[in-house]
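Take the sequences, apply the hints, and build the full model.
2 protein chains.
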Amino acid sequence: MTFKFNVLIDRAAILACALALSLSQSPLSASAAEQAGAKVSDFRLENGLQLVVIPDHRAPVVTHMIWYKVGAADETPGKSGLAHFLEHLMFKGTAKNPAGRFSTVVARIGGQENAFTSNDYTGYFQRVPTEQLKTVMEFEADRMTGLVLTDAIVLPERDVILEERNQRMENNPRARLGEQMDAALFLNHPYGKPIIGWRHEMEGLTRDDAIDFYRRFYGPNDAVVVIAGDIEPEAALKLTQETYGKIKRQDAIAPRKRPQEPPQVSPRSLTLADPRVEQPAVQRNYLVPSFATGKAANLPGQSESLEVLGHILGTGSNSRMYRHLVVDKRVAVVAGAYYDSSALDMARFGFYASPGTGVTLAQLEAEADAVIAQVIDKGVTSEELERAKSRMIADAIYAQDNQATMARWYGSALMTGATVDDVKKWPSRIRAVTAQQVQDAAREWLDKKRSVTGYLIKDTSPAPAQPASAQPVNAEKRT
Amino acid sequence: MTFKFNVLIDRAAILACALALSLSQSPLSASAAEQAGAKVSDFRLENGLQLVVIPDHRAPVVTHMIWYKVGAADETPGKSGLAHFLEHLMFKGTAKNPAGRFSTVVARIGGQENAFTSNDYTGYFQRVPTEQLKTVMEFEADRMTGLVLTDAIVLPERDVILEERNQRMENNPRARLGEQMDAALFLNHPYGKPIIGWRHEMEGLTRDDAIDFYRRFYGPNDAVVVIAGDIEPEAALKLTQETYGKIKRQDAIAPRKRPQEPPQVSPRSLTLADPRVEQPAVQRNYLVPSFATGKAANLPGQSESLEVLGHILGTGSNSRMYRHLVVDKRVAVVAGAYYDSSALDMARFGFYASPGTGVTLAQLEAEADAVIAQVIDKGVTSEELERAKSRMIADAIYAQDNQATMARWYGSALMTGATVDDVKKWPSRIRAVTAQQVQDAAREWLDKKRSVTGYLIKDTSPAPAQPASAQPVNAEKRT
Chain L
52 MTFKFNVLID RAAILACALA LSLSQSPLSA SAAEQAGAKV SDFRLENGLQ
102 LVVIPDHRAP VVTHMIWYKV GAADETPGKS GLAHFLEHLM FKGTAKNPAG
152 RFSTVVARIG GQENAFTSND YTGYFQRVPT EQLKTVMEFE ADRMTGLVLT
202 DAIVLPERDV ILEERNQRME NNPRARLGEQ MDAALFLNHP YGKPIIGWRH
252 EMEGLTRDDA IDFYRRFYGP NDAVVVIAGD IEPEAALKLT QETYGKIKRQ
302 DAIAPRKRPQ EPPQVSPRSL TLADPRVEQP AVQRNYLVPS FATGKAANLP
352 GQSESLEVLG HILGTGSNSR MYRHLVVDKR VAVVAGAYYD SSALDMARFG
402 FYASPGTGVT LAQLEAEADA VIAQVIDKGV TSEELERAKS RMIADAIYAQ
452 DNQATMARWY GSALMTGATV DDVKKWPSRI RAVTAQQVQD AAREWLDKKR
502 SVTGYLIKDT SPAPAQPASA QPVNAEKRT
Chain S
52 MTFKFNVLID RAAILACALA LSLSQSPLSA SAAEQAGAKV SDFRLENGLQ
102 LVVIPDHRAP VVTHMIWYKV GAADETPGKS GLAHFLEHLM FKGTAKNPAG
152 RFSTVVARIG GQENAFTSND YTGYFQRVPT EQLKTVMEFE ADRMTGLVLT
202 DAIVLPERDV ILEERNQRME NNPRARLGEQ MDAALFLNHP YGKPIIGWRH
252 EMEGLTRDDA IDFYRRFYGP NDAVVVIAGD IEPEAALKLT QETYGKIKRQ
302 DAIAPRKRPQ EPPQVSPRSL TLADPRVEQP AVQRNYLVPS FATGKAANLP
352 GQSESLEVLG HILGTGSNSR MYRHLVVDKR VAVVAGAYYD SSALDMARFG
402 FYASPGTGVT LAQLEAEADA VIAQVIDKGV TSEELERAKS RMIADAIYAQ
452 DNQATMARWY GSALMTGATV DDVKKWPSRI RAVTAQQVQD AAREWLDKKR
502 SVTGYLIKDT SPAPAQPASA QPVNAEKRT
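Residue numbers (my numbering), protein chains in the order written: chain L, 52 to 530; chain S, 52 to 530.
None of these hints come from the bench; they were simulated from the model. Do not rely on the hints blindly, as some may be mistaken.
Same chains, same names: a pair is fine if it fits in one copy or spans any two.
Below 30 Å or equal to it, Euclidean Cα-Cα: the simulated DSSO-like pairs (lysine-lysine) are [claimed, not checked]:
#1 429 <-> 509
#2 90 <-> 509
#3 476 <-> 380
#4 297 <-> 147
#5 509 <-> 440
#6 499 <-> 509
#7 429 <-> 147
#8 299 <-> 143
#9 440 <-> 308
#10 289 <-> 476
#11 499 <-> 143
#12 499 <-> 297
#13 429 <-> 380
All values reported here derive from a predicted model rather than from experimental measurement.
Spelled out as structure tokens, the structure:
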């Protein structure tokens, strides 16, 4: 059996790796576009399936990804965790290919596979020798509509996702903090629910829930195939037509519409005390535009300005947060900021910091607020603007050395309201950001009324050691 | 045209009239049961409609109420305000009775009418001379399934509810605070949405939304008719059979299931600054069991203990909050606490206080916390326990002098998981509460992890005078 690693896109991870995230989320640079982006091909099959081909001839391998326009934010209320549960169940076989065969074949040919679920999309990928591409496409096309589920398959897998929740959330104070902050940030939008699901709802997920959700959202007209690697566009198109092209359009699939946010008028805060906290932290998330909502509102440069602002404020040891809090004032041991523009609906802009010895979270927060106030009042210098933009674009160039990263940029962009052209133009969009725009974005969006501040502290109360939410699944049911 | 007064059950009102609410929500006393409660009759028609008859022969009038088991918590996500909107639209006529005729007839016969929407139910009532009862029952039965709506009717009424939102919410800082606190208290349950709806969603409500919702929830098997007044049970049953009895059972109506809350682990707080605030306030709501959830969890005495606790803590000038904050410490000018057990899902227990001159909200909150800590640590005295129970039962006796109040007790109880028998036994349930139970309830449920604390302050920033959420509807569209 292959080891299957399900990646759950989780903003809590941001806290731990703001820099890494910034790399992985930034689309192509201009020079990258000359190298590869300009050669990206974009097709649409008659059944509605979109195909993106990214040539990369350095090695005789391809990364094949299929992305479905469905994520946790599309779940029926009361069924949180269903999108991610279905992602797991997609490995359970079809009438043609019983459970395990697909993974076994990928392993036998020396391939890798993976799957992931976010608020806005669900994706599956394999990296295989080019000559095996058609094989994995056939498997993937087969399970787009042919999934077979029984209670005997579904119920043990439910224990797996419950255990995954234990590991990712209940046993991770920072993830718990992020979960609580999301619930408080979104007053109405389903982004407030955890992607992994609320435990009590996960426990009630059934085979019928999974099959209904699958039929509602999985189909060629809701999917994008991204193929990056050693293949010509026309050859990739031919393979796609021979595999996915045979699947009928699913007319029941409708565009996604989620409940939107009311105006945000009250600064919120919350405190999570957890006995496992070794490093307290203060974190704040602001509700801000994503690339998609900025585009829909006809506000060009909005999300790009926030991207640059995020970099200047909080990426790396030259950032304002780091310099002010860690180097100059010595009130923090860790500090940074983040923004991810890729969301179909509103996005989050945030900062976090962990205090040095003897520093309270209130002191630390006041210093972070001072950093933000300074950007709002005085703006940013042209030097730091240019440095940020150059660094962001350079990072993107380095990052695209990874074939899977390239495929992921395009896939996630296409899932969240952007086009291939939007991705190609990312470097020029970033280059166009002015210092005034950065300051305006800070003034407009870093308004505490639009935010939640979270405090993570060590719970030193004697008992119970486990918080109420951290009930492990029965040991005998663990898989 | 009759003046139609739509009552929207809104917890924000609690802040202004905790005592009145405590009266109006307490069911019958034991002696009341001897006077009236014992004579309450309970029938069920073949089509599923439930009938409750409460004899009251003091005057030749009856109060006729129909309650539907549908409220704001049953709305489709993205359609907030729909239950209340439909309540308005129910006055817009049927094929048999064009818009206005029902209200005109009620007015002509000297009757009164009213309607109301809560999270858990929607109700309509008329108070008329007994000989006119059949007339209003015929009208009410007619609109249970015969409502006719066109865009010409629906769209102007949408402006009416938008204006109602303006008046009730946007222009009322305490209501705005309550709205924000609900959104923060409920992490997953639709009780977090305002009953009146989020403005941006109300603006999009359509005729089809209203008709779909109506067909999904309005029918005899989802309704309870309560008749209080000068009529014998058998006569009321006969009239009910002759009117509502002719309506076919609606098999599409299923029991309500709402998304439930995850464990609450983080104390939350929020601040609402509004230029119209004259009296700042601190308010806290805890998520606690309702009568229904206590019953479902087989925890007898749970909600009764909270009722007594609410009375001891915060009802009247002898309550602990009032004595400590207003009389002894002189830090508050207003202080109280409240609990309403009638909710199909979890309920709220809360307190509020407004500071005296020169007192900060933080100081005031600390004193309120001290009051709560003392109840948790030391419990309540047998004297105050007995005084509270006697007063609660006596209040209920006086309150039942109002025929409509009686009808409302039974109706709201039956809508929120209680039975006629539960209502009848309320006095003995309250009498059975012990001091230990009150202390245990305080310790168990008044845990800040389960709470939101709201701070209401005056917004003294120069502009804009109107908060972003308070956009008036077009003046020319006001009705």
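For each hint, the structure was consulted:
no. : hint        : in the structure
1   : 429 <-> 509 : between (36 Å within a copy, 28 Å between copies)
2   : 90 <-> 509  : neither (52 Å within a copy, 58 Å between copies)
3   : 476 <-> 380 : neither (39 Å within a copy, 65 Å between copies)
4   : 297 <-> 147 : within (15 Å within a copy, 54 Å between copies)
5   : 509 <-> 440 : neither (38 Å within a copy, 41 Å between copies)
6   : 499 <-> 509 : both (25 Å within a copy, 16 Å between copies)
7   : 429 <-> 147 : neither (64 Å within a copy, 69 Å between copies)
8   : 299 <-> 143 : within (22 Å within a copy, 45 Å between copies)
9   : 440 <-> 308 : neither (34 Å within a copy, 51 Å between copies)
10  : 289 <-> 476 : within (28 Å within a copy, 75 Å between copies)
11  : 499 <-> 143 : neither (46 Å within a copy, 44 Å between copies)
12  : 499 <-> 297 : neither (52 Å within a copy, 57 Å between copies)
13  : 429 <-> 380 : within (20 Å within a copy, 46 Å between copies)
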